[in-house]
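Trainee: Protein sequences appear in the order of chains A and B.
Once you know that position 124 of the first sequence is 124 in the working numbering, the rest is easy, because the numbers rise by one and skip nothing.
Going from the second sequence to the working numbering is simple: count from 1 and add 1000.
Honestly, the hints are just simulated from the structure, not real lab data.
A quick note: this is a predicted structure, and the numbers were derived from the prediction, not measured.
A virtual CB, placed ideally from N, CA and C, is assigned to each residue, including glycine.
Misleading hints may appear alongside valid ones.
[Unchecked claim] Computed, partial: chain B to chain A, Cβ under 7 Å:
(1) M1001
(2) T1005
(3) G1162
[Claimed, not checked] These stretches of chain A come out as covered by chain B in the derived footprint (C-beta under 8 Å, 3 or more residues):
(4) 26-33
(5) 48-55
(6) 61-70
(7) 100-113
(8) 133-142
[Claimed, not checked] Some chain B residues well away from chain A (every beta-carbon gap over 12 Å; in silico):
(9) D1015
(10) R1145
(11) R1268
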Amino acid sequence: MRVTIEVNGRRTEEEVEDRTLLVHHLRDTLGLTATNIGCDTTSCGACTVLVDGESVKSCTVLAAQADGAAVTTVEGLAEGETLHPVQQAFQDHHGLQCGFCTPGMIMAAVSLLEANPRPTREDVRTGLEGNLCRCTGYHNIVDAVVAASGQEVPR
Amino acid sequence: MIPATLSYRRASSVDEALGMLAEHGEDAKLLAGGHSLLPLMKLRLAAPEVVVDIGRIEELRYVRTEGDVVAIGAMTRHHDLHTDGVAGREVPLVAHVAGEVGDPQVRHRGTIGGSLAHGDPAADLPAAVLACDATLVARGPDGAREIPAAEFFAGLFTTALGPDEILTEIRVPRAADRGWGFEKFTRRRFDWSIVGVAVLGGSPTQPAVGLVNMGEAPIRATAVERALAAGATPAEAAEHAAEGTSPPDEPHASAGYRRHLATVLTARALERAAGGSPAGL
Ligand SMILES: Cc1cc2nc3c(=O)[nH]c(=O)nc-3n(C[C@H](O)[C@H](O)[C@H](O)COP(=O)(O)OP(=O)(O)OC[C@H]3O[C@@H](n4cnc5c(N)ncnc54)[C@H](O)[C@@H]3O)c2cc1C
Ligand code: FES
Ligand code: FES
């Protein structure tokens, strides 16, 4: 079917097989390969993108279900050379090691901060429970999200 | 992993969805939030030829009071139910449990109707609708009918819904002044319950206890309710939680372990319900 999705502010219109998953549409049809596929079973959150501003696991949404929606991937966050505050905070606080979970982790954090602009560390941990990281032990990720919210990070 | 070839149809009203079901018969499957169905389709455990997307039907997305009940549209997402002001005030147990389902991403897609219709013995919301004595409204070719929650869950992934019916509304009696408690035990934070217990405190009626993952279908812990009615303390009554259940025996949670867990979680949920209400249980 023909799906029209606004991706990172740009209107896209493509003919896809009805069974196409949103993550494959983003990566394979539109060439936006920052969004990773980790588990492919709705568990790890690596494929998290925003659909109409809310975090979803794009391996578990049909492209057809996103027809008419606005989708944001991590490629859509920076303004030119200026990183989004959450991206910048991940860099400043070493919120990543291998980086595989990072695109999904950042999108989940953006959605979390949208709903709760001044989260506690506990709020961040529960808010990111749908995203798994095999490297960092989460500590620096929590630091990064707290910092991105403009709050002091205890040293 | 990708689903088998399918034909996607989107319905914009219940009537249109009923028409599509009638047209395609057994080849068709309803798609709500897709967070139970799509994982099954990716594993090819389900392979419907036609998928009828009802997730965007606006007339099925609402939470409103109607006299003594709060009416919840079946396509209300877990996140919206959890954060809804009316639900939080009038049916706090249901609103709370919606916020305990999966993780934020799952709650942004999954719906209460999909969760109940799926009939997963480990799903959380059935515990709440059972404890609240909710009524489920289904529409089919012959019109609408009401199904009490106690008669809805029929067995493993089986409900009272016919293949040509759509669950449209969940009607939950208002319970603003009643205490409540919910306990679920999981291995990881976003998992399904190994055992889950929902309690709605008494007055005007007796306390009600819903149990999930203690058998092929979620049930009321009637032995606990009877003990409470006969004057047992919450701790004494909770000892009866596993009576009449047949919990699954799995490598990570044996049946015996689940029976024990049910008594512990029921005691905690009853205590919480008693503490949250001025009148006690
Ligand atoms: C990672 C993950 C973790 C999860 N954790 C939990 C958890 O902790 N607790 C929990 O309870 N659930 C959990 N779930 C399941 C989640 O709650 C699903 O949202 C829910 O079970 C199904 O709702 P849905 O709207 O996504 O339905 P769908 O997947 O779209 O549909 C499910 C089934 O119901 C049928 N159906 C849907 N709507 C209707 C209707 N209105 N009338 C008739 N039939 C209908 C469909 O045809 C399908 O067979 C989890 C899911 C995932 C992916
Ligand atoms: S790839 Fe989608 S949740 Fe892991
Ligand atoms: S940085 Fe490697 S998985 Fe998170």
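Trainee: Does each hint hold? Answer for all of them.
Mentor: Now the hints, each set against the structure:
no., hint, in the structure
1, M1001, "holds, 5 Å"
2, T1005, "holds, 6 Å"
3, G1162, "violated, 25 Å"
4, 26-33, "violated (count 0)"
5, 48-55, "holds (count 4)"
6, 61-70, "holds (count 5)"
7, 100-113, "holds (count 3)"
8, 133-142, "violated (count 0)"
9, D1015, "holds, 21 Å"
10, R1145, "holds, 29 Å"
11, R1268, "holds, 19 Å"
Hint compliance for this structure: hints 3, 4, 8 are not met, and every other hint is.
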